[in-house]
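**Student:** For the record, the sequence lines run as chains A and B. The numbering used here applies: residue 305 is where the first sequence begins, and numbers increase by one. The numbering used here applies: residue 305 is where the second sequence begins, and numbers increase by one.
There's no promise every hint is true.
Chain copies aren't distinguished; within one or between two, either way the pair holds.
No more than 35 Å apart at the CA atoms, straight line, and that leaves these computed lysine-lysine pairs for DSBU-like [stated by the list, open to error]:
| no. | residue 1 | residue 2 |
| --- | --- | --- |
| 1 | K652 | K369 |
| 2 | K372 | K614 |
| 3 | K582 | K367 |
| 4 | K582 | K397 |
| 5 | K652 | K530 |
| 6 | K614 | K388 |
| 7 | K316 | K636 |
| 8 | K441 | K509 |
| 9 | K582 | K594 |
| 10 | K569 | K509 |
| 11 | K441 | K388 |
| 12 | K445 | K372 |
| 13 | K453 | K367 |
| 14 | K662 | K397 |
| 15 | K486 | K662 |
| 16 | K614 | K569 |
| 17 | K509 | K369 |
| 18 | K662 | K367 |
| 19 | K486 | K381 |
| 20 | K557 | K509 |
Calculated directly from the structure, the hints in this document are not laboratory data. Note that this is a predicted model, so its numbers are computed, not measured.
Protein chains: 2
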Amino acid sequence: MEFMITQGLFSKALSDVNRAVSSRTLLPILSGIKIVAEADRITLIGSNSDIIIERTISVTDEKVKIHKTGSVVVSAKYLADLVKKLPEQIHIKADNNQIHIQAGPISTRLNGFSADEYPSLPLIDGESIHIPAEELKDAVKTTVFATAKNETRPVLTGVNLTFAENSFTSVATDSQRLAFKKSDIRSSGEGNFVVPNSSIDELAKLVNHYSGMVEIQSAEGYIHFKTDEISLYSRLIAGHYPNTTALIPAEEKTTLVLCRETFIKGIDRACLFAGEWKNNNVTLSIYGDKLCISSGSSEMGNIQEYQEIKYIAGEQELRISVDGHFLLEALKTINDAEIKIKFFGPMKPIVIESSEGKSSYLHLISPVRSF
Amino acid sequence: MEFMITQGLFSKALSDVNRAVSSRTLLPILSGIKIVAEADRITLIGSNSDIIIERTISVTDEKVKIHKTGSVVVSAKYLADLVKKLPEQIHIKADNNQIHIQAGPISTRLNGFSADEYPSLPLIDGESIHIPAEELKDAVKTTVFATAKNETRPVLTGVNLTFAENSFTSVATDSQRLAFKKSDIRSSGEGNFVVPNSSIDELAKLVNHYSGMVEIQSAEGYIHFKTDEISLYSRLIAGHYPNTTALIPAEEKTTLVLCRETFIKGIDRACLFAGEWKNNNVTLSIYGDKLCISSGSSEMGNIQEYQEIKYIAGEQELRISVDGHFLLEALKTINDAEIKIKFFGPMKPIVIESSEGKSSYLHLISPVRSF
Numbered sequence: 305m306e307f308m309i310t311q312g313l314f315s316k317a318l319s320d321v322n323r324a325v326s327s328r329t330l331l332p333i334l335s336g337i338k339i340v341a342e343a344d345r346i347t348l349i350g351s352n353s354d355i356i357i358e359r360t361i362s363v364t365d366e367k368v369k370i371h372k373t374g375s376v377v378v379s380a381k382y383l384a385d386l387v388k389k390l391p392e393q394i395h396i397k398a399d400n401n402q403i404h405i406q407a408g409p410i411s412t413r414l415n416g417f418s419a420d421e422y423p424s425l426p427l428i429d430g431e432s433i434h435i436p437a438e439e440l441k442d443a444v445k446t447t448v449f450a451t452a453k454n455e456t457r458p459v460l461t462g463v464n465l466t467f468a469e470n471s472f473t474s475v476a477t478d479s480q481r482l483a484f485k486k487s488d489i490r491s492s493g494e495g496n497f498v499v500p501n502s503s504i505d506e507l508a509k510l511v512n513h514y515s516g517m518v519e520i521q522s523a524e525g526y527i528h529f530k531t532d533e534i535s536l537y538s539r540l541i542a543g544h545y546p547n548t549t550a551l552i553p554a555e556e557k558t559t560l561v562l563c564r565e566t567f568i569k570g571i572d573r574a575c576l577f578a579g580e581w582k583n584n585n586v587t588l589s590i591y592g593d594k595l596c597i598s599s600g601s602s603e604m605g606n607i608q609e610y611q612e613i614k615y616i617a618g619e620q621e622l623r624i625s626v627d628g629h630f631l632l633e634a635l636k637t638i639n640d641a642e643i644k645i646k647f648f649g650p651m652k653p654i655v656i657e658s659s660e661g662k663s664s665y666l667h668l669i670s671p672v673r674s675f
Numbered sequence: 305m306e307f308m309i310t311q312g313l314f315s316k317a318l319s320d321v322n323r324a325v326s327s328r329t330l331l332p333i334l335s336g337i338k339i340v341a342e343a344d345r346i347t348l349i350g351s352n353s354d355i356i357i358e359r360t361i362s363v364t365d366e367k368v369k370i371h372k373t374g375s376v377v378v379s380a381k382y383l384a385d386l387v388k389k390l391p392e393q394i395h396i397k398a399d400n401n402q403i404h405i406q407a408g409p410i411s412t413r414l415n416g417f418s419a420d421e422y423p424s425l426p427l428i429d430g431e432s433i434h435i436p437a438e439e440l441k442d443a444v445k446t447t448v449f450a451t452a453k454n455e456t457r458p459v460l461t462g463v464n465l466t467f468a469e470n471s472f473t474s475v476a477t478d479s480q481r482l483a484f485k486k487s488d489i490r491s492s493g494e495g496n497f498v499v500p501n502s503s504i505d506e507l508a509k510l511v512n513h514y515s516g517m518v519e520i521q522s523a524e525g526y527i528h529f530k531t532d533e534i535s536l537y538s539r540l541i542a543g544h545y546p547n548t549t550a551l552i553p554a555e556e557k558t559t560l561v562l563c564r565e566t567f568i569k570g571i572d573r574a575c576l577f578a579g580e581w582k583n584n585n586v587t588l589s590i591y592g593d594k595l596c597i598s599s600g601s602s603e604m605g606n607i608q609e610y611q612e613i614k615y616i617a618g619e620q621e622l623r624i625s626v627d628g629h630f631l632l633e634a635l636k637t638i639n640d641a642e643i644k645i646k647f648f649g650p651m652k653p654i655v656i657e658s659s660e661g662k663s664s665y666l667h668l669i670s671p672v673r674s675f
């Protein structure tokens, strides 16, 4: 294997792939990046037990020149750190599981592994689903925070993505709260996947600066997300994801419309005083025509503040305690200037929706005991 | 105690003082900030065992209005976090060791301590030394990195500041390397202090955006640095600081002048390969008319690069190994485009100085065994 490449291009590609590589791995070869040079492209692969990232560099301009095809595996950390610090033109040559790098007056040799020992990629099967990157990013970012952080029910540590004809839903719940997002899309293909929350960050980065279509396919216990230059394989969580629509209560007793930004600031202040409680208890109640947000702890002190209610329907009597951090996390994913909160009774969950027409998102938060 | 203050001013002052406060303290009252309201000023004090920060807010404009003098101690963390999140106008009132804060529609109460129980400030004694903030900042920033990180010889964990008539020197050494900086200043007063490296960061922040004169005084085992609005008291390290001028070898065998930036980049790359060695061994040698920088490890591989020598005097035979990280730390404190390195023999320390005339700084680094 032998090729020339510009430092900027190679360094960026290595850092894209390096995100999948963990230095703590049981299989030493997985601490490396696999480099494959073919006549028309260079492919870099990095992986850990949960995700695999594949990055392609096409030989289309003067930035890359292949002299000899071949492949090698080199320590991801050492190679990425070194290339970051090299000058503009890099000459790579591999033989006997070693890689020689020449850049101007600098010569280095890095020890590597045989590329034959690197695990092969999962085989892609099933039909392709196509979805705009923007929709995918929005859906996972607005739901992933609600996944379970402990492993008691493994399936709840993932985000449930469902592709149906013309719609795409993303759902996460840790059984105390639920985040739901639905998009109307022109999708081809159907599928239902539970993707680990640890993979969602990488997926969000993958589509962050990409505005095209993402191709989605299943592949031997993995889900495969493909953009123009980068592919991400994420392990799927096995098991049946619960039917969450049954959890949403019916017949609200009180509906409020509030200014989202003012409400966030009030809940944020109240949370300062809620740290002593296991559930960050923040109490919402109605006094006259105002919403009162309050919290307190014996150690620190207490806070009360009164906020304007934009619109109210139903019962005027209201007093409920919820986890202030759960409320903040849900509110921060919303872009609307105003939000609608529905209350169903002091021991029933509250529901947050868009205040305008049919809501594409829904957040449900269970109440907490305040005594 | 009762006063009105704008949120921005109060929040900035609290965060200045909060830097001295540690949440892990044996004396619970030291987790608080002492607030003293007098007719013409508000004073905030925060402290831990090593440093005390005192911040004064003068009642000169519309931003502060004292209604009633008095004092209280309030949890530093809670108060600073809360004030950050409040709107513009803040009304503070203290009674019975509680502080009441009203800001628009927001009312809060924070538990506090009696101000009488707060330790009193060290009494200032001795004459005043005056030094430009710029000189003080430069001196401590270019030497503090060389202080000892372990406590075997406590006096070496500090920076030695010496004020004499018309000169000021700053020295630090961990006995394997030495950093020295001398300034010609019009100083009034003399003094010799060993300041803990943990206080130097705070001192650097104190004078970072300040361009006036700093007043320095000793105070019962403390050193007191005073600017217009903020005072810093730092504990002094007791003990006799060694005479470091005796460590600097005489009669160099080889002198090189190098481009500092190119040399830093070369050492930085070589350090990547030096991690396996206890002392980050990087080898410098002369090949023909070039300087060769090399390093290697059995695990990772090796690197060699050749750099231009701007000027050479003395013996052309040279091969010495030094700790690459020590070299980098010293080189990064220097602003000059070119530097002079003096070599005294393979087992003698190397010395880095300015390449132009009389040097105001000197860095000494001991060699390491490379076998």
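**Student:** The structure should be examined with respect to each hint, and the outcome stated for every one.
**Tutor:** Outcome of the hint check:
| no. | hint | result |
| --- | --- | --- |
| 1 | K652 to K369 | neither (64 Å within a copy, 48 Å between copies) |
| 2 | K372 to K614 | neither (69 Å within a copy, 39 Å between copies) |
| 3 | K582 to K367 | neither (56 Å within a copy, 39 Å between copies) |
| 4 | K582 to K397 | between (58 Å within a copy, 31 Å between copies) |
| 5 | K652 to K530 | neither (42 Å within a copy, 59 Å between copies) |
| 6 | K614 to K388 | between (54 Å within a copy, 26 Å between copies) |
| 7 | K316 to K636 | both (31 Å within a copy, 26 Å between copies) |
| 8 | K441 to K509 | within (9 Å within a copy, 40 Å between copies) |
| 9 | K582 to K594 | within (28 Å within a copy, 66 Å between copies) |
| 10 | K569 to K509 | both (28 Å within a copy, 30 Å between copies) |
| 11 | K441 to K388 | both (29 Å within a copy, 32 Å between copies) |
| 12 | K445 to K372 | neither (43 Å within a copy, 50 Å between copies) |
| 13 | K453 to K367 | neither (44 Å within a copy, 46 Å between copies) |
| 14 | K662 to K397 | neither (59 Å within a copy, 48 Å between copies) |
| 15 | K486 to K662 | within (11 Å within a copy, 72 Å between copies) |
| 16 | K614 to K569 | within (16 Å within a copy, 60 Å between copies) |
| 17 | K509 to K369 | within (29 Å within a copy, 50 Å between copies) |
| 18 | K662 to K367 | neither (50 Å within a copy, 47 Å between copies) |
| 19 | K486 to K381 | neither (39 Å within a copy, 41 Å between copies) |
| 20 | K557 to K509 | neither (41 Å within a copy, 55 Å between copies) |
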